[in-house]
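Asker: Take a look at the letters that make up each chain.
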Amino acid sequence: MSRFPTIPRRTFLQGLGATMALPLLDAMPAAAATAANTANSTTPAAVRAAFVFFPNGAIMPSWKPTGTGTDYKLSETLKPLEPYRDDLNIFSGLAQDNGRAKGDGPGDHARCASTYLTGAHPVKTSGANIKVGVSVDQVAAGQIGKRTRLPSLEIGIERGRNAGNCDSGYSCAYSSNVSWKTATTPLAKEINPRAVFGRLFGTEDDAKTRKRRNRIRKSILDLVADDAKRLGKTLGKNDRAKLDEYFTSVREIEQRISRSEQDTTKQRPANFPVPDETPRDLGEHVNLMYDLLVLAFQTDTTRVATYMLGNAGSNRTYPMVGVNSGWHSLSHHRNEPAKVDQLQKIDHWQVEQFARFLGKLKSIPEGDGTLLDNCMIMYGSGLSDANRHNHHDLPIVVAGHGGRTMQTGRHVAADKERPLNDLFLSMLDRLDAGVESIGDSKQRLTEIDA
Amino acid sequence: MTTRTTTHKSTTRPAWHRHILAASCTAALALLASWIYSNTNPLATNSTSNLHAATTAATAATTAQPTNRQDVPQTTPKPPDPYQATIAPFLKDYCHDCHGPDEDNGGLRFDKYSSTDDITSNRKSWAKTLQYLELGAMPPPDHDSQPDAKQRQIVVDYLGKILFDIDCNLARDPGPVTIRRLNRAEYDNTIRDLLGVDFQPSKTFPSDDVGEGFDNIGDVLSVSPLLIEKYLDAAEQVADKAIIPIDPFISRNRTFRGQTLNQNAGTNRRNDSFGLFSQGHVGTIVEFPADGDYVLRIHASADQAGPDPARLRLSLNSIPVKTLDITSRNRNDRQDHDYKLKIKKGKQPLRVAFINDYYQPKHADPKLRGDRNAYIHSVQVIGPLEVRPEDLPKSHRELVRFRPDSDRSAIEAAIANLSPLMRRAYRRPVTNDEIQPIARFVADSNKNGEPFEAAMQIGLQAVLVSPHFLFRVELGQPDTTTNNNSSLTDFELATRLSYFLWSSLPDDTLFRLAEQKRLNRPDVLARQVRRMLADPKARALVDNFASQWLNLRILDELTPDPKLFPEFNDQLREAMKQETQLFFAEILNKNLPITRFLDGRFTYVNQPLAKLYAIAGVTGDEMKRVELVGDRRAGVLTHASILTLTSNPDRTSPVKRGKWIMDNILDTPPPPPPPDVPELEQTAKTSPDVPLRKQLEIHRQNASCAICHSQMDALGFGFENFDAIGRWRDTDGKHQVDSSGTLPGNQTFATPIELIKILGNRKDRFCQSLARKLLVYALGRGLQFNDRCAVDKLVADSRTQDYRFQALVVAIVLSDPFRMRPTQGTKP
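One line per chain: the protein sequences are B and H, in this order.
FYI, our numbering numbers position 149 of the first sequence as 149, with every residue one higher than the one before it.
FYI, our numbering numbers position 129 of the second sequence as 129, with every residue one higher than the one before it.
Check the hints yourself; a few may be wrong.
What the hints assert, rightly or not - Cross-link-like lysine to any residue pairs, in silico, SDA-like; alpha carbons within 25 Å at most: (1) B:LYS229 <-> H:ILE435; (2) B:LYS211 <-> H:GLU287; (3) H:LYS563 <-> B:ARG334; (4) H:LYS345 <-> B:GLU277; (5) B:LYS208 <-> H:ILE382; (6) H:LYS563 <-> B:TRP349; (7) B:LYS218 <-> H:ALA410; (8) B:LYS229 <-> H:ARG440; (9) B:LYS102 <-> H:CYS705; (10) B:LYS345 <-> H:THR559; (11) H:LYS611 <-> H:ASP556; (12) B:LYS218 <-> H:GLU287; (13) B:LYS345 <-> B:GLY67; (14) B:LYS73 <-> B:HIS392; (15) B:LYS211 <-> H:LEU226; (16) B:LYS211 <-> H:GLY258; (17) B:LYS416 <-> H:GLY107; (18) H:LYS656 <-> B:ARG334; (19) H:LYS447 <-> B:ARG212; (20) B:LYS218 <-> H:GLY449; (21) B:LYS237 <-> H:ASN485; (22) H:LYS563 <-> B:GLU284.
To be verified - Have a look at the derived ranges for each label pair, beta carbon to beta carbon: (23) B:ARG280 <-> H:SER145: 54 to 62 Å; (24) B:MET320 <-> H:ASP535: 44 to 52 Å; (25) H:ALA416 <-> B:ASP226: 16 to 24 Å; (26) H:ASP165 <-> B:MET320: 57 to 65 Å; (27) H:ASP556 <-> B:ARG259: 31 to 39 Å; (28) B:VAL435 <-> H:GLY107: 23 to 31 Å; (29) H:ILE319 <-> B:SER363: 34 to 42 Å; (30) H:ASP556 <-> B:ARG388: 28 to 36 Å; (31) H:ASP371 <-> B:ARG280: 30 to 38 Å.
Think of the hints as simulated: they come from the structure by calculation, not from any bench.
From the three backbone atoms N, C-alpha and C, an ideal C-beta is built for every residue, glycine too.
With the sequences and hints as input, model every part of the structure.
Answerer: See the structure below:
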């Protein structure tokens, strides 16, 4: 027989070029993990955070658990989380007050996405001067991003909307992004799994080619940064701001290249089948991205990530659960039972995939526990009841133990209108990126402290 | 949910409601009538043009231009401010209840204003107020005291005048333009036309953000670190295609093993080797730098078993090219397996697959017992074995015209090569100071061991990532400055022109005219426009302008319910898009009047689309031109594309259709509902037996909603004969389709064609709508209130030329906003 690790033949997929993601076969070779993350190490492993966003809110009566504290009953929508009950907290009562109109009229979906991680009120414009606030993931990346090859990872499954007005006079930038590096610069998300894999681990070239490429690119970036600086001086304020964006991005990539050169332990994970093209099946796509997120955290390639399961106001259909109408159209259900039922099916399906993701995190040993122990994964939306466009009492779940610093296994019923950003303050502390305020935060959410 | 309080004093709401509803509807309809049907003197300031101006001003945010009031010489004494006498009392009587000292709904308080100047310093808020007043949406119809039509008109006229009155003879303001980054389509086309390399590198770029309905708006396009990475990747790929690095170091011999090979599920990797157990394969994407002979060398071994040797199949681009028997005796006996073949230049996936798995551990015959596996230790690509000059692509010969030799050093050769390249890439003459750094980069790379061709590749990459290439820089001609506005330089004008009509860089003719400073003349510009529109590259206007103006890109995202519409598939979707694009292209190419968009009695269909339209005699997948007969279809409003994208997945949406028409045909986009509109108390107690029309009428029972919805819904209902994927129907379920309606001014229609005729008569209005959209696309910015002058002129010019499409394009190119810009550094 073969000396290579044996795999039952039955599990091999028929056909060549299968694009289905397989369960990760081996743990990472030890060289690729940082010292702190190898099994049985005494150094505490780094905490990672991911912020998962789903659009169009949820059917709240089917989402909300009954009872609070440790003694609560999981709702129908959240049933798939049962096996991880002790690894997560469910929140209610949290709000993004800045998602409300405040005199700006309609546009709740654009506000839903743009306030989700910022807690800031977006400037209503469909063209000039888009502006909201820095998102929590970027606050973290600003502090701890240099410790990993990628400061942060932004992924999704829907391209930015590229036609028409996105939401009642709001630029599409607001609906297509949850991650904001500065108040005016959204961070584009990658939706192609192959490209995500490449960003995490580089392309399949050998070391010599990579080295040459890095050398060339650094020189090019140096040259063009100079160009941008000189050009900026001849321009007016608005134009100069655009050149500054360019300049900052160029410098960022230069730093990334330098960092990647210093990181000699980089290796492409073995046995991860990288698909040739983006899967057309929604379920496949969603789960492949979750798998890549697991990989990114497992290899400590990054410690901060955001994942959009759809753009704000997404109108995709979910035929796998028998829903052939668009999610957004349905969400204006006016309490019609048939529509509510369909929506709940979508909610439930999404939670199922999320649960699968948690299972993966939990199956990876790290230190004397699992990867999930060292994660904080927020799963939620900037809208609760999407029929009424409510921005309060948001559906929020935080899974993981944050490096064993969090009390879990509870339904935390926060005071009404408690800012969601209060939760961010607590999460940032655990990421070693603590700040005194972000967006409309007031004070830390100490209810989760261990 | 907060509600308006204290203003609803009556308890007998239903009867009272009806009276007010009747009264306000009449008033509203009268207003709407005057709004839509006034005969407009384009330069007069009246409420008609105010409405659209109001809309633009509302979106102009705080970057409003200085009003130029200060520039207006005072030749007549200023009239007394009518605010206190006329306006303040009006506001007190009808508005202060909710927007005054006691209550400030929406944060709006009218008691805080005391003069006309106060109003003009808060333009955005007052523009919204004007819009609601004009429509009759405010005061809300159920507010106790209501102005009569005359009172309302006085205030509307006053606000229109002070907010939007500009003397078009004095205020020649081209409006601000923020520097514009090339968007994805422009990037691809520019690479194609600059280098002759056509492979759409921008497919992997993140989407361009959309603003004002288009993806080429300077303020909205941004640069993120991700995009810089993509630019670097793209530049590398483009350079590899444009210049052949003939050199052993780079391309003669490449070995792939371990990490540099991909695998599938039937394969397992250990260190650098792969074990293929079942249907295993390894592969990678190989760049073949030139056409020629290559050798593929597979270093392999095998566990042999059974009657046949372990066998591998080599495939390029999923096409098998060779089957190899592995000659090894066992897995440790690693052997080279060579195969020589001709391969074409380009990137191709190479795959080595194990094709004859064999697993018989318990076979009766011991000689046939065993487990056959293949092992691949490396895959080598050797070649091209020889490259001839004729095999080099045109781009290479043009970019590497000079090589270092006895006459020329490396840096001199680099300068000579880079000069013409940079001039075209930056779309203007370049100075020595600009060429030097990149030339030095090339020469240094060459000195450090890169062959000259590879060094030139690197130089090309630098050019393609430079801000001068990625951004359209406009400095203007300072010596032409008046009032802080300058003309564009001829090169900048050429660039605007080519990106407007071709979404690409200027061609040689335009460059030459710019060099000779002959471009910025009306007759030359007009001639160039016509030449460019006749060029195949004008296809970009169809692909980029038309598809965004008509929202065709939304079609890609739509998923009509497959149970209700089984005939809708990707093929049909594609045909729908092409129909509209070809229709647009014909109007453009044949220079037809733009009203054909509405009433054109021809279209393009293929078999699936013809079937949907019940048009006989069209077969095959190719789109064919047909004349439309009968009285069902005419123009874009009856295209399946538009009808589908204005529907829901499971039914039509008259509201969406009505809104689309108001947005794109009538240029009267409905304002968003006033904030804090109370929720519909009636959940639609809809049994599915009630026709859609009746169901939507429930919306309109709320007077606040009815104001806009009576208009919008009427327009949408006019197309109810077309189902959610654009097919004609006379019945909808059990009900007879009723597509009749009445528009303000008592214009009635009974069928879609009749409605189209009514809309088609609004020639100026449609022209204005299209002109504005074209102007936004051409300028890369949203329109502001003082663009009204330019737009009015466009419509007037159009009218004199029969509204022909090309005339409109020429008029735009000749307009002030297109040929001028604010002087850099004088305004933000």
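Asker: Sort out which numbered hints this structure fails and list those numbers smallest first.
Answerer: Of the numbered hints, all hold.
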